[in-house]
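Which chain is which? The protein sequence lines are A and B, in order.
Taking my numbering, the leading residue of the first sequence gets 1, the next gets one more, and so forth.
Taking my numbering, the leading residue of the second sequence gets 1, the next gets one more, and so forth.
No lab work stands behind these hints: they were computed from the structure.
Each residue gets a CB set at the ideal place from its N, CA and C atoms; glycine is no exception.
Any given hint could turn out to be false.
Unchecked claim - Covered stretches of chain A (in silico footprint by chain B; criterion: 3 or more residues with CB under 8 angstroms from a CB of chain B, positions within the stretch not fixed):
no.	region
1	310 to 318
2	371 to 377
3	380 to 388
4	424 to 438
Unchecked claim - Taking lysine-lysine and the DSSO-like style, the derived pairs with C-alpha atoms no more than 30 angstroms apart in a straight line are:
no.	chain 1	residue 1	chain 2	residue 2
5	A	Lys-93	A	Lys-77
6	A	Lys-183	A	Lys-156
7	B	Lys-106	B	Lys-168
8	A	Lys-93	A	Lys-31
9	A	Lys-106	A	Lys-31
10	A	Lys-93	A	Lys-106
11	B	Lys-111	B	Lys-162
12	B	Lys-162	A	Lys-435
13	A	Lys-435	B	Lys-168
14	B	Lys-193	A	Lys-426
15	B	Lys-106	B	Lys-51
16	A	Lys-31	A	Lys-77
17	A	Lys-435	B	Lys-193
18	A	Lys-31	A	Lys-68
19	B	Lys-162	A	Lys-433
20	B	Lys-193	B	Lys-162
21	A	Lys-435	B	Lys-106
22	A	Lys-74	A	Lys-31
23	B	Lys-111	B	Lys-51
24	B	Lys-168	B	Lys-111
25	A	Lys-435	B	Lys-111
26	B	Lys-193	A	Lys-433
27	B	Lys-193	A	Lys-427
28	A	Lys-131	A	Lys-93
29	A	Lys-74	A	Lys-106
30	B	Lys-168	A	Lys-131
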Amino acid sequence: MLLSRRNGRAIVCTGVLLCCALLASVAEPEKRLTVYTQQSGYSVPVMDRGGQSYIGIMELIQPLGATKAVVNGKQWKTRINQAEFQFTEGEEKALIRGNNIDLGGKVLVEDGRALVPLGSSFAILSSLFNKLVEYHPTARRIFVNNAATRFTAELKKGDRTSLLLAFSQPVNPEVVQEGNRIKLLFRREPVVSSLASQTLADASIQSLNFAEDNGTALITVTTSSPMSVSMSADGRSVTIQPPGTQGSGPATASTTPGAATSIPATPEAPAVAAPSTLANPGVSTDEPKPTHQGPEFFVMIDPSHGGDDPGATLGHQLVEKDITLAVARRLKAELQERGIAARLTRDGDINVSTELRAETANALHAGAYIALHAGPPSAGVRIYTPILAAGAPPAAGDFVPWDAAQSTYLNQSAALAQAVMEELDKKAVPTAKLKAALRPLNSIAAPAIAVELGPDPTSADGIASHTFQANVAAGLALGIAHVKAQTGPRL
Amino acid sequence: MIPRHLQITSMLLLLCVLISGTFIISLTHREKARTQPQGEESPLTPPVEGKPELIPLLIAYDDDHAMRWRNAQAVLPQDSSLRAKQILRTLLIQYLQTPSPHPLAKGSDIKEVYLINNSTAVIDTTAQFADGHPSGILLEELTLASLIETLSANMPGIVRVKFLVNGKERETLAGHADLTSFYESSAVHELAKEYE
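Isolated chain B, as found in the complex:
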């Protein structure tokens, strides 16, 4: 027969273990949430280092099927690939605002831009950029033309552009615009003029 006082002590100790365990788990979750890198659905943020520069962006407007040049300030790194990535992210910020002239899905972002001989750019986008993109020839064309023209205007050596989605090749952006081919900047420039 276990004495009564030992039973009570054991119960109290067990209760203490449970309470402290729960507390530790909640602390771990809180810390994880605090230190976790921002998810793909978080708003885009500019880099914190470098000098702000004025960059031209070709922005698409769905309401009147037009594209117009606008200037924006961005802090651009020296590295060409990072610079290209930041230019395109600055453009996407315009589309992710509310209200947006050309709404894109939450989480649309540029993962990487790979430059080959400083003349060919391979733009790797997030899955949300393509998965959540509104379907339609015109809407998809406006997105791609806006990205390619903005990149070409800020990095004139780029003559060919290719898109990847989450590191992989995809047939179309959202059922229409071709993502399998390389886009010639000069051809896209002619196309964009039709919308300006």
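Bound conformation, chain A alone:
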């Protein structure tokens, strides 16, 4: 009887332990916000307070160089370089560089630790650094000053098709092969992609998917049969190819096809220069185009003005910077609905110089650039192409003057303007096509246009109306999609 009671206790204890182990294994990992800079990356825990996600503000900004906060009653003050940052416990606004920033919720203080809503992290970092900050809210990843690592995918067809992934920075992913799926998991690298899914139109290597969550990024390649994965020695390219073709590619650290395996792909072999699939400003494109352009194509949408620069005044409490941002967000959504990736040069009320807008578009190799403006004197939409003398493509390796980077793209810009105008005409939006010496159009190394929405003099609200903005955004997206369909992955 005693023995059976002991046995019973042992069974109960074992059961409880097993349940705990099971719960622990299925429990969600701790939510974190990951911040990437060009020097490093770090993450801060995300906490739930009253149904809203919060983060510790000093944990967010101290690794970026913020001084220790000076607390005076409920008021907190800190500084990064020359930027002063003030916030007050219980308040929903903060003061950065003298500008009021809406935090989207109250500042909480717990055990001497200040918490701010997670959603405000983008506005705080953008305003503090005055640099481009990219925020991926669902994955809780923030990239400061172009810190993201991008990649291109090139499908090389032949006797044995292979897929070459070329990264802008060295990477060291964990490679997992599950049947006919190869997964590259990036735990530390700031790998991003503009598209979530890409069909590769090949029998052996069928598709490429990208996902990111809680500080990690995952590239999944679906193949028809098990493949081997190898990395170049410099860590900048990954080749996926049928087994037994190692000699022809950048070799090594390959996974064994078959059972699921997980190994870090350690580079060993000499690097092989990956053929560039990126738009290279000023370089002749006479070389044969690769059979597939990867997920790098995206449209850079530039909502003009922002921050201290309101742009044109369009009516009572209606300024250009707000209209351009609203239309930019609509256009991004319209493009994404059509399978075209898009980015914004600013996604908040922040200062971004025209030079930085052009630098960002060129550095990220945008496939097209759309500057959005709004201004008098009349209603409708005016589409502008750059006023610049057409230039011959310079020889490979030659520098192109910054103010003439657009000169070899003028025909594509004109074609884009025409397509957009036709689509807007179909939507009965009055349009005009003109030329303008508008910054920074001449410095954009991609097809580039500027779109100016005109306020209706008889109705101040016309330009802010949902219908008008939705019509314009849809027309622009259709025009871009039309040109892209005609000319291929790059406009």
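Dock chain B against chain A, hints included.
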């Protein structure tokens, strides 16, 4: 003890000093106002010497986004730089009138026009010209195209034009039109044709 009559005399003298001081100050102000050079907000006036000439002006009309050639009479000096300056001021007079086809801010004026080899013109405008200019791509383009085309039509050797604001380079006119680059007259001519 000061005698009473001395006290009264002193008070009267002090009063006289105060009255005459106030009078002198008011006279100084009046004279200053009379002799002060006309401010930048004053209306533009043509020069008083020389023979009147008929000059073509390309005038912008905001209502229909158009530019049209109109003739105006102006007295132009012989010196090329002064001549260019006077041509542009004559154009600005059209925009500063009420009603205006293309309103510009009060005080908009041309401070100087510098000619380099009679082919490149650097136009220095007043701060009010840029600070008070209505913001908008089209409005800013119309202003610059109107100035450049008018200058080129009256001084055909000018092939490049650059704008300064109050002697300094500025990024844009009012948030849009580029002021950092040199404008090629031929390119602006093509642009202006779209509006004519």
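Each hint, compared with the structure:
Beta-carbon proximity to chain B at under 8 angstroms applies to 3 residues in the region 310 to 318 of chain A; the threshold of 3 is reached and the given coverage holds. Against chain B, the region 371 to 377 of chain A contributes 4 residues with a C-beta closer than 8 angstroms to a partner C-beta. That satisfies the three-residue criterion, and the hint holds. Here's how the region 380 to 388 of chain A fares: 4 of its residues keep a CB closer than 8 angstroms to some CB of chain B, so the rule of at least three is met and the hint holds. Here's how the region 424 to 438 of chain A fares: 6 of its residues keep a CB closer than 8 angstroms to some CB of chain B, so the rule of at least three is met and the hint holds.
Note on Lys-93 (chain A) and Lys-77 (chain A): the hinted pairing holds, with a Cα-Cα distance of about 13 angstroms set against a maximum of 30 angstroms. With a CA separation close to 20 angstroms, the supplied pair Lys-183 (chain A) and Lys-156 (chain A) stays within the 30 angstroms bound. Taking the CA atoms of Lys-106 (chain B) and Lys-168 (chain B), the gap is about 20 angstroms. The hint holds against a cut of 30 angstroms. Distance hint between Lys-93 (chain A) and Lys-31 (chain A) is fulfilled; the C-alpha atoms sit about 25 angstroms from each other, no more than 30 angstroms.
For the given pair, Lys-106 (chain A) sits about 20 angstroms from Lys-31 (chain A) by alpha-carbon distance, which is consistent with the 30 angstroms threshold. The hinted pair formed by Lys-93 (chain A) and Lys-106 (chain A) meets the criterion: a straight-line CA distance of about 8 angstroms does not exceed 30 angstroms. In summary, the hint linking Lys-111 (chain B) to Lys-162 (chain B) is supported, as the alpha carbons are separated by about 14 angstroms, within the 30 angstroms threshold. The hinted pair formed by Lys-162 (chain B) and Lys-435 (chain A) meets the criterion: a straight-line CA distance of about 18 angstroms does not exceed 30 angstroms.
For the hint pairing Lys-435 (chain A) with Lys-168 (chain B), the CA-to-CA distance comes to about 26 angstroms; that is within 30 angstroms, so the pair holds. With a C-alpha separation of about 27 angstroms, the suggested pair Lys-193 (chain B) and Lys-426 (chain A) falls inside the 30 angstroms cut-off, and the hint holds. For a cut-off of 30 angstroms, the pair hint linking Lys-106 (chain B) to Lys-51 (chain B) stands: about 28 angstroms separates their Cα positions. Only pairs whose Cα atoms come within 30 angstroms are accepted, and Lys-31 (chain A) paired with Lys-77 (chain A) is accepted, the gap being roughly 27 angstroms.
Annotation: proposed proximity of Lys-435 (chain A) to Lys-193 (chain B) holds, straight-line Cα distance about 11 angstroms (limit 30 angstroms). Our distance criterion of 30 angstroms between C-alpha atoms is met by Lys-31 (chain A) and Lys-68 (chain A), whose separation comes to about 25 angstroms. Simply put, Lys-162 (chain B) and Lys-433 (chain A) have alpha-carbon atoms about 25 angstroms apart, close enough for the 30 angstroms limit, and the pair holds. Restraint check for Lys-193 (chain B) and Lys-162 (chain B): the C-alpha separation of about 20 angstroms stays at or below 30 angstroms, so the hint holds.
Restraint check: the Cα-Cα separation between Lys-435 (chain A) and Lys-106 (chain B) comes to about 28 angstroms, which is no more than 30 angstroms; the hinted pair holds. Of the supplied pair hints, the one linking Lys-74 (chain A) and Lys-31 (chain A) holds, its CA atoms being roughly 28 angstroms apart against a limit of 30 angstroms. Note on Lys-111 (chain B) and Lys-51 (chain B): the hinted pairing holds, with a Cα-Cα distance of about 22 angstroms set against a maximum of 30 angstroms. A hinted pair counts as satisfied when its Cα atoms are at most 30 angstroms apart, and Lys-168 (chain B) with Lys-111 (chain B) qualifies at roughly 12 angstroms.
Distance hint between Lys-435 (chain A) and Lys-111 (chain B) is fulfilled; the C-alpha atoms sit about 28 angstroms from each other, no more than 30 angstroms. Note on Lys-193 (chain B) and Lys-433 (chain A): the hinted pairing holds, with a Cα-Cα distance of about 13 angstroms set against a maximum of 30 angstroms. For the proposed pair Lys-193 (chain B) and Lys-427 (chain A), the alpha carbon gap of about 28 angstroms is at most 30 angstroms, so the pair holds. Restraint check for Lys-131 (chain A) and Lys-93 (chain A): satisfied, since their Cα atoms lie roughly 21 angstroms apart, inside the 30 angstroms limit.
At roughly 12 angstroms between alpha-carbon atoms, Lys-74 (chain A) and Lys-106 (chain A) fall within 30 angstroms of each other, so this suggested pair holds. At roughly 26 angstroms between alpha-carbon atoms, Lys-168 (chain B) and Lys-131 (chain A) fall within 30 angstroms of each other, so this suggested pair holds.
In summary, this structure violates none of the numbered hints.
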